[in-house]
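Novice: Could you put together the complete structure from these sequences and hints?
Heads up: the sequence lines are chains G and F, in that order. Residue 160, in numbering that gives the first Met the number 0, is where the first sequence stops; the numbers in between run on with no holes. Residue 191, in numbering that gives the first Met the number 0, is where the second sequence stops; the numbers in between run on with no holes.
Hints were generated in silico from the structure; no laboratory data involved. Yeah, the Cβ is synthetic: ideal placement off N, Cα and C, and Gly gets one too.
Where chain G lies over chain F, by a calculated footprint (3+ residues, C-beta under 8 Å):
no., segment
1, 41-55
2, 60-70
3, 129-142
4, 149-159
5, 175-187
Simulated pairs of lysine to aspartate or glutamate, DMTMM-like, Cα-Cα distance not exceeding 25 Å:
no., chain 1, residue 1, chain 2, residue 2
6, G, K47, F, E154
7, G, K47, F, E159
8, G, K4, G, D40
9, G, K47, F, E122
10, G, K1, G, D40
11, G, K47, F, E138
12, G, K1, F, E182
Sample of chain G residues at the chain F side, in silico, Cβ under 10 Å:
no., residue
13, L9
14, A11
15, F61
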Amino acid sequence: MKCKKVQEKLSAYLDGGLPPGARSRVSQHLEGCPRCAEELDGHRALGKLLDAAPAVAAPDGFARSVCREAVRRAQVGERRRKVHLLPRSPVPVLMRVAAMLAVAVGLVSGGVISGSAAQARGVQAGVVSGELADELPVSLLSVVTPGSVTEAYLDWVEQVQ
Amino acid sequence: MLSGVEPERMPQAEGRLRSDEELMSAAGRGDMDAFEELVLRHQDGAVGVAFRLLSDEHGARDAAQEAFLRVLESAPRYRPTASFRTYLYRVLTRICIDRYRKRSPEDHPDLSTVEDGGEAPPEVMLRRERAERVRGAVEELPMRQRVALVLQHYEGLSYEEIAEAMHCSVRAVDSLLARARRELRERLRDLL
Ligand SMILES: [Zn+2]
Numbered sequence: 000m001k002c003k004k005v006q007e008k009l010s011a012y013l014d015g016g017l018p019p020g021a022r023s024r025v026s027q028h029l030e031g032c033p034r035c036a037e038e039l040d041g042h043r044a045l046g047k048l049l050d051a052a053p054a055v056a057a058p059d060g061f062a063r064s065v066c067r068e069a070v071r072r073a074q075v076g077e078r079r080r081k082v083h084l085l086p087r088s089p090v091p092v093l094m095r096v097a098a099m100l101a102v103a104v105g106l107v108s109g110g111v112i113s114g115s116a117a118q119a120r121g122v123q124a125g126v127v128s129g130e131l132a133d134e135l136p137v138s139l140l141s142v143v144t145p146g147s148v149t150e151a152y153l154d155w156v157e158q159v160q
Numbered sequence: 000m001l002s003g004v005e006p007e008r009m010p011q012a013e014g015r016l017r018s019d020e021e022l023m024s025a026a027g028r029g030d031m032d033a034f035e036e037l038v039l040r041h042q043d044g045a046v047g048v049a050f051r052l053l054s055d056e057h058g059a060r061d062a063a064q065e066a067f068l069r070v071l072e073s074a075p076r077y078r079p080t081a082s083f084r085t086y087l088y089r090v091l092t093r094i095c096i097d098r099y100r101k102r103s104p105e106d107h108p109d110l111s112t113v114e115d116g117g118e119a120p121p122e123v124m125l126r127r128e129r130a131e132r133v134r135g136a137v138e139e140l141p142m143r144q145r146v147a148l149v150l151q152h153y154e155g156l157s158y159e160e161i162a163e164a165m166h167c168s169v170r171a172v173d174s175l176l177a178r179a180r181r182e183l184r185e186r187l188r189d190l191l
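Specialist: Pasting the structure below:
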C-alpha cells in the first residue's frame, strides 16, 4: 500500500471503519513507515482536541415538555377537525393520544370534557360531550397521577380557558 | 404515568427493559409512557447533536423536540429496519440542516452556556478559549462533513449507521470524515 492510500484510510482506521483485510494492510504499513505513523498521531491528537468542544445536554423536564407539546398539538388538531370538518388529522397517533387523554380526564372528573379544568377536577357528575364520546373505549379507567401527561393536559386546558 | 389508560399496552416481562423498538411500537398505539421513556433515553444525545450542528442551545432544544414529535407522528408506521437511534438521528439531522440553511445572517449563535462566567482564572479562560476555537472550527465545516463528524466522533455511530442516517453510501461517509479531519487539522494546527 502506498502512503497516500494509507493516509486516506487513517480516519477509518482509527474509527474502526475498515474491513479486516484493509485494516491489517494499514497496520503493516504503519509499522514500517514513520511518516504515516506520525500522521496517525496527528489524527489521534485531533480526536482529543475535539473532545474539548463544549457540550450541551437536555435540560431537566425536557421529556415532559416534549410530551406536553405532543398533547397540545393533538388538541389543536382535534379542534381544527371539529371546527372545519376537515378530514382526519394527518397525525393520527397524536389524535388518539388526545382522545385517550380527554377520555381519561372525562372519566376521572365524572365526564366533563367541555367544562373548565377547575370544574373537571372537582365535579362528580356530568356528560361526555362532543365527538369524543363516539370514541370512548369503555374499559378506560384512570386516576390523574401527579406529574403525569394527563395532569399536563389538565394544566393545558386551564391555561387556554 | 398514564398507567391503566392505555388499553392496548402490551404485557411486559417483569423487570425487563423494553427495547427502543418495542417502546416505539407501543408509542404508535398511543402509549405516552413508552414515548416519554424513549425521549428520556435519547434526549441528551439528541440535544447534544443538535447543539453541535446549530451552535445554539435554544435552537438545539427546539430541533430535538421537533425530531421527537415527528418520530411520534411516524410511530404507527414505523418498521425497524435500522436501530431506533439511527432513525432518530436521521430525522434530527434533517431538521438541523434545514434550520441552519434557513436562519438569517443576523442570527448569532446562542452560546450563553459556553461563554458565561465573566471573571475566571487564566487556566479556565484558556480552556474556554480552546473549546470555543474547536467549536468554531467544527461549525465552519460544510454541513454534511459536520453531520458525519458529529455522529461519528461525539455519538460513536458506526460508518454503516452514519450512512443510514445520512442516506448515503459508507464510502461517502468515509470521504466526508477524511475531508472533515483534514480541514480541522489545518485550522487547529496551532493547538495540536
Ligand atoms: Zn507511509
